[in-house]
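Engineer: Each chain, letter by letter, is given below.
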Amino acid sequence: MTQRLSREELPRLYAAIAQVADLFLPVKRAGKTNFALWNTQTEVDLDTLKTAKSPKDLFFPQCEPLYTCDWREGNLTVTAQALAERDFVVFGVRGCDLRGLDVLDRVFLSDPVDSFYAARREHGTVIAFACREPEESCFCRTFGVDCAEPGGDVTVWLTDGTLYWRANTPKGQALTDRLDLLGKTDDADEQRLAAEQTAAREIIDRLPYANLFLDGWNGDATEARFASPLWEKLYRPCLACGACTFACPTCQCYDIRDYDTGNGVQRFRCWDSCMYSDFTMMAHGNNRTSQMQRFRQRFMHKLVYFPANNDGMYSCVGCGRCVEQCPSGLNIVKVIKAFEKEAKK
Amino acid sequence: MSGCNCSGRDVLIPQVGVITDIRTETPDVKSFRVCAPGGGKLFEHMPGQCAMLCVPGVSEGMFSITSSPTVQDYQEFSIKRCGMLTDHLHSLSVGDQITVRGPYGNHFPVESELRGKDLLFVAGGIGLAPLRSVIGYVSDHRADYGTVDILYGSRSKEDLVKYDEITGVWSKADGVNVHLTIDRAEDGWDGHVGFVPAYLKELGFSSDKTALLCGPPIMIRFSLETLMEMGFSKKQVYTTLELRMKCGVGKCGRCNIGSKYVCKDGPVFRCDEIDALPDEY
Amino acid sequence: MSIDDRDFRPVIAAFCCNWCSYAGADLAGSSRMKYPAEVKIIRVPCSCRVNPMFILRTFEKGADGVILCGCHPGDCHYSTGNYYTRRRMASLISLMEFVGLERGRVRVEWVSAAEGAKFAETMNEFVEHIRALGKNTRLEDLRCKN
Amino acid sequence: MQELIERAKALLADGTVSRVLGWRATDTPFGPEPAFFESGEELNEFVYNCFCGANLSKYLIESSALEGKTLAFLKPCDTYSFNQLCKEHRIDRGKTYIIGVGCKGKITVERLHELGIKGILDVEDAGDTLTVKTLYGEKSCPYSDAMLERCHACKGKEHRVADEVIGESADTTDTDRFAKVTELEQMTSKERYAFFQAELSKCIRCNACRNVCPVCNCRKCVFDGNAFDSVQKANATEFEEKMFHIIRAFHVAGRCTDCGECSRVCPQGIPLHLLNRKLIKDMDAFYGEYQAGEDTSTVSPLTAYTEHDIEPEAGKGGNE
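Residue numbers (our numbering), protein chains in the order written: chain A, 9 to 353; chain B, 2 to 282; chain C, 4 to 149; chain D, 56 to 375.
With the rest of the complex left out, here is chain A (with noise of 0.2 Å):
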């Protein structure tokens, strides 16, 4: 059931939430937009299409520390850190972003579940946030997200005036239930959000990546592609940073590290990126010495590998943060291009 409430009771809206749990939701710091904890003083930004990261750091921080260690008359001692306990809120996930989550969801929720990840998703209720105006980077329809329609615990569509909200799961009717403020919709309100509906994915028809396919990448590919030489052609731009890893909503790589607090160690773990020179570096060596294999090897991993462990699921959602981010101008799609273009000859 479709309900509703008007644009200007946002603000009432976001204060209801926050009686339940916590509320995230993007919030404009300093220039630039991304999910924060709300309250009355947060300068609340819905226009701006995506977040500079994506959400999945509410699931999986950036940092998080896993345990410490301190050693108590001569005993070592280990303190597992406590798992997420309250609830909260997450206002205004886009599609892709969503389809992130379930990605993510496949590695830490997969045997042996990752408690820590599992916890937060459990507290976690998603309000998905449906695109009404997608922009130039976008290409979620490759990977079979449809922005009009995103799904979530609840999703919302906001028009010029109105915002309308359903509830599509027991957890996010739970919260629906505890706020009292959201109207009934009527028939109009209904043709209203369908007509928004269709003139979104009309819009997504005219993106320029529109015609952006995957033919040719899934599980099965790993020997054509791995030994493909444009490889070397495409990483070349490559600086070797992390934007693309840590901007992205699947990435999911990690590093366990130490750190010395002078009563203790605590160890927590922290984004690691594959583009990163000593990602793969052991005592013995390193058997990803160039940066064009670890360029291939995110690509490949994202196109082939992940694919071939999920059911053909891609672990790229189209969000197209790496177009918007990559100081070298680098993404998935020159990619995907080049080997189609390859194809093609």
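By construction, these hints were calculated from the structure, which means they are not laboratory data. All C-beta atoms in this analysis are idealised placements derived from N, C-alpha and C, irrespective of residue type, glycine included. There may be inaccurate statements among the hints.
Quick partial rundown of chain D residues pointing at chain C, CB under 10 Å, derived from the structure [claimed, not checked]: (1) A249; (2) Y360; (3) G370.
Take the given structure of chain A and dock chains B, C and D to it, following the hints.
Structural biologist: Coordinates of chains B, C and D only, in the frame set by chain A:
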């Protein structure tokens, strides 16, 4: 298995282990026995599996479990000194505590494919570590397997890991043949001299055996070639891979080659499986 | 001033060059001149051995103030080391203030081996200054505060 | 542009150079990528337009190790970085052939986004104005509104080094490059702290600023590897955000040419150039004006001294 969260403990959270015995095997290899603080083994494992050992504040690394699963009271790790962590481990003494998590990875198929087969172990240097676990297991379940040949080589006599056990126990066991070799001749050594692959060729084993191969990458490469020449098929040869690992459970991404994660889907691979992987190990 | 402030005992790290300032500190000690126990001396071969990382990491690990002491310009044991220190620290201190560190949390003083009294005086004054500034909250690592 | 391509083809053909470093056109008009070209045929993909902001000097470090000369197209400001790298012996001048290209300021699509222009399909450069075709209709804006930050503080239209120059350049300076630094200095210490706290807390430690910086070219960076327990891959605490950026800026002090690449590439839009400019402004005031990369011989202020330099207390970050 390791995926069980019933204890409420995440797989990344280690247990405390106490070092109960340290034996100097060679100038740069020591074997460490590790127990739970209250005594007894920290966990059950299968031959070929690994565990993450960590000196808090120093580093953490994946090591093969050298002891056989049939040993009841401890796990043993033979560790070669070659980096920051192993340096530190070598400086520890009996009674020191470290953290351990595991066991991780798959294991040699001792209960399935290897059963009833004649086994040929080919090891070089510290490569004996994972194989010793299998040798121990096979010795304790002798009736389930055919003949056992152990070909083991190292740089010199003093670099032979577990020399006492090899000469004292293994070579005296029924149906077990031990062949030792060292790279260069030296005083007090009347055994074979030469590299492992060459000795393998010289010995010329029949190709109906199943080979388990472990050692430095270069030795593995040439031994594998020799085995192929001798008529072995890749399906008869098992080996182990080693890559940088952090999580041990196939999530952190660094040991990923092709669609496999060496920490979870390996370290034991049949050679035909390795052929299917991209050439990046 | 609240009771907390009065009780505040700052942690001060003093990087002292081996040839002049460390000897100066030694002289202060052997001449029984008093300077606060809050000052922890770290001996370095030359004041120019101290790179910005040292100073930042000292704050990270809980220092409230850092003072760098070297030979008087012109008297460096290695001839020119402290001339470079002087230029580097002018830029570094300015940059650290620019990003919001309070003025005076990092200081450079020239103390010769004969200046035991100057050493003690400088330390007394510096500790008072840091006590007045209060705890270092702008450049601390919270993990080290438990 | 055609002139550049023809010239590059000629130099490749007569064997003067073995490869060409320039920009390659890609599927979007605003996303040219730095590229090496090794044949005349490949050069057909060469592009030079208002989006070619990337400073190519750093790529010449790796090509210095290759056989033969590399032809590089450098904008006036890029030549400063090039000089600096020659001075530090990271580039072998003898293995390069520099063609100075004309520049009238470079623009970025990110600026257009900030101006509220969304769904960009094509950008047409009509001199002083830009016409932007978008999914949501045609928009336009003054050229200078879409310019990179660094172009508002242009270093001038002259190439500091070039074997030949093709095309006209313009000085696009329209602000005092230290204006923002001065503004911050006049704030209180607390306000400055709040400003940088907000900016630096966006940092995701992707290392783009470090990796793009021409003079950040240590073989092994202190922030990589396992040696330091506090210097990690991620900012675990607010301290580490500041640590990274203070060290990064200080390490290039006296060598930074103010090319502005760090701010251009930051995916979180942190004005990193402010830290570098603060250092430049101070050093100018303390030791006399100095522009890194202006030539290959002048000694940088931090590797020199005089007996009567000002004392460290003179270094003031701004008001208290």
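Engineer: So, for every hint listed, does it hold in this structure?
Structural biologist: Status of each hint after checking the structure:
no. : hint : verdict
1   : A249 : holds, 7 Å
2   : Y360 : holds, 4 Å
3   : G370 : holds, 3 Å
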